[in-house]
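As a plain string of letters, each chain reads:
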Amino acid sequence: MNSVQNIFFGIREYLSPVLKNSKFKETGCITPEEFEAAGDFLVYKCPTWSWEGGEPSKRRDYLSPEKQFLITRNVPCLRRVKQMEYTDEDAETQIESDGADAWVMSHSSRVSGGPIEEIAGSMDEDDDNDAEAEAEAQAAIMAMERMNLQDQLRTSAEEEDDEEIPDMDDIPDMDDFDDMEEEADPILSVRTYDVFITYDKYYQTPRMWLFGYDEHRRPLVSSQIFEDVSQDYAKKTVTIETHPHLNMSLASIHPCRHGAVMKKIIEKVANDEGGGEKEPVRVDQYLIIFLKFMSSVVPTIDYDNTISA
Amino acid sequence: MLLQFHPWASAVEAPFWQVLTQRKMDVFQLDDTHKPILGYYATGQQVRVPGRDTSVALPARFCLGTGAFSDESVSEHHNSTSRIPAFMFPAPGIVKNTNTIEDFKSIDKTALFKMTVDQIWDDITSGRSLQDPSTLNRFLLVTFADLKKFKFFYWFAFPALQADPAWTATAMEDITSVWSSAQVDSLRQQINQYRQTQPISQSGFFLVKETNDVFSVARLQDWDEFYAECDESQVTVGFADPSALDSHPGWPLRNLLALIHYQRKMTKVRILCFREIAGKQDMTASKLFTAQVPSYVPVTACPKAVGWEKNAQGKLGPRLADLAPLMDPARLADTAV
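Protein chains in written order, with the working numbering: chain A, 366 to 674; chain B, 16 to 352.
The set of hints was computed from the structure by calculation and includes no laboratory data. The reader is advised that the hints may include incorrect statements.
Unchecked claim - List of simulated lysine-lysine pairs, DSBU-like, C-alpha gap at most 35 angstroms:
{"id": "1", "chain 1": "A", "residue 1": "K601", "chain 2": "B", "residue 2": "K164"}
{"id": "2", "chain 1": "B", "residue 1": "K325", "chain 2": "B", "residue 2": "K166"}
{"id": "3", "chain 1": "B", "residue 1": "K295", "chain 2": "A", "residue 2": "K388"}
{"id": "4", "chain 1": "B", "residue 1": "K111", "chain 2": "B", "residue 2": "K283"}
As the list claims (entries may be wrong) - Simulated restraints, written as ranges between beta carbons of each label pair:
{"id": "5", "chain 1": "B", "residue 1": "Q249", "chain 2": "A", "residue 2": "D405", "range": "30 to 36 angstroms"}
{"id": "6", "chain 1": "A", "residue 1": "D426", "chain 2": "B", "residue 2": "T226", "range": "30 to 36 angstroms"}
{"id": "7", "chain 1": "A", "residue 1": "I552", "chain 2": "B", "residue 2": "Q146", "range": "50 to 56 angstroms"}
Values in this document were obtained by computation on a predicted structure and should not be read as measured data. In this text, a Cβ means the ideal position worked out from N, Cα and C, and glycines have one as well.
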């Protein structure tokens, strides 16, 4: 089942032509060259992001061999989304208001800085809602529901796994970290995420992937990752798929709406920026804006503080 | 106050297990001798607690990523710099991957540990760790990869030599309370420059000198020249400190102190715990303190060492990474969209 689908995705990607001409202002989509330029700018601005080449056998030839995707590691995630309590001051702003696919900016008044919250309020209705995106969203919902069940089964299986760890004979004379007394300072054990950005050739936009670890550095299962995704998206636009440059499945924010939303944001920034003096958005700023947009999907994963104000 | 050290918390990136699996199948096969690997770490980081005006320390993470194994096709220099991410410091180690779970259980861990300790001690006494200070971070990893079930059992050891008598320390001071912000900034630029011009193996340990408000930074091996005009009270040894605690320095300092004690015969030394916010050009979280032993006692034999990591249950024992949900084709099919 999965392999059939992977083959389908593979063929679809193979058949889609590489976007050649820049049209990021018209469509919100970018070419691989623009992705690379935007990535270079992101790495320059926020050096905690870096380029990677990934699996040599999975390299895409429309991207430089050493610049296949972007990664930032060990991003702390201090609390779960449901712990972010709403107060009256927390505005919730709908970026698009077309039902199932609506992007909601939660806590938009709470996020400081960045152009997105001013933009978000006055976004127009988006009409080019193609049937395919709708169908995919539906399929995603059903799959998620199935997956939840599986995750519950998995959790109980894992508890057994813990007991499976073999007993080792006690090792003489290295009994302890001898001199670490009771912790005077609290150490915060938190979830951490490795965050990836790849270029999606089919949707011609960047795509964000998440890999999470629990407080004891064990990989998170998908149901746990959904705890860190804004509930408006968790069951709709976040899916588990094979990472294009690693032989592994990761949670990913599905890019079917990215182009449209990015277009809106870019237009808004271009029109509003600085009142009188208009400074058009440069394409190399694309990923910085993209990350602001993504932080509404994963509000508690704190990668955004790597971005210098 | 007895000097205490904040231990490592191992943090294996999931793709490392994939790389190990590939090596095992394509290269090592049934060869279970130990192989060299490269780990890395960042300086200590504190994060703000949302909604409260306090910061808390994150664990001192010791990471293994996809660059852990060397790629024979590229030159060694290019190799080690490109194998770890920016702003990270290297730690060379060995991995012993057993073929069966029985081997993993029965393996002579004491002997492996002793071998690593001997190597560290030999590097210190021979002066090799002055030339390549990253060897002070040598570590050991024992693994068993259950390739059918995508389960990985592993156990880290970060050997640290014990000083006898133990080091004592003055209270840790904020670097900003000792030096002005202009001074800290000038020191930061010197350290930056040092890291850019030196091989990455030098990056985690360095010497600092302050003369008439001017800072300079040098390699450990340049000690005699660098401090030629100075007395011992002007010596400041810096190290990239993975601890984010206000009260304790991190693990790499233990072997560094053993090196200073053995090679320089010093009983008192000022230590700079270098802690930066990656990419923010900010090292104001750094700390200063003075470490001291009552008297110089020549060490002739390899000291005792500690360093096996505890597991998630807080016991001395192996850890388990279960990657079946991410790698097992059967399980992947279940979650397919």
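Broken hints, by number: As far as the earlier hints go, 4, 5, 6, 7 are violated by this structure, in ascending order.
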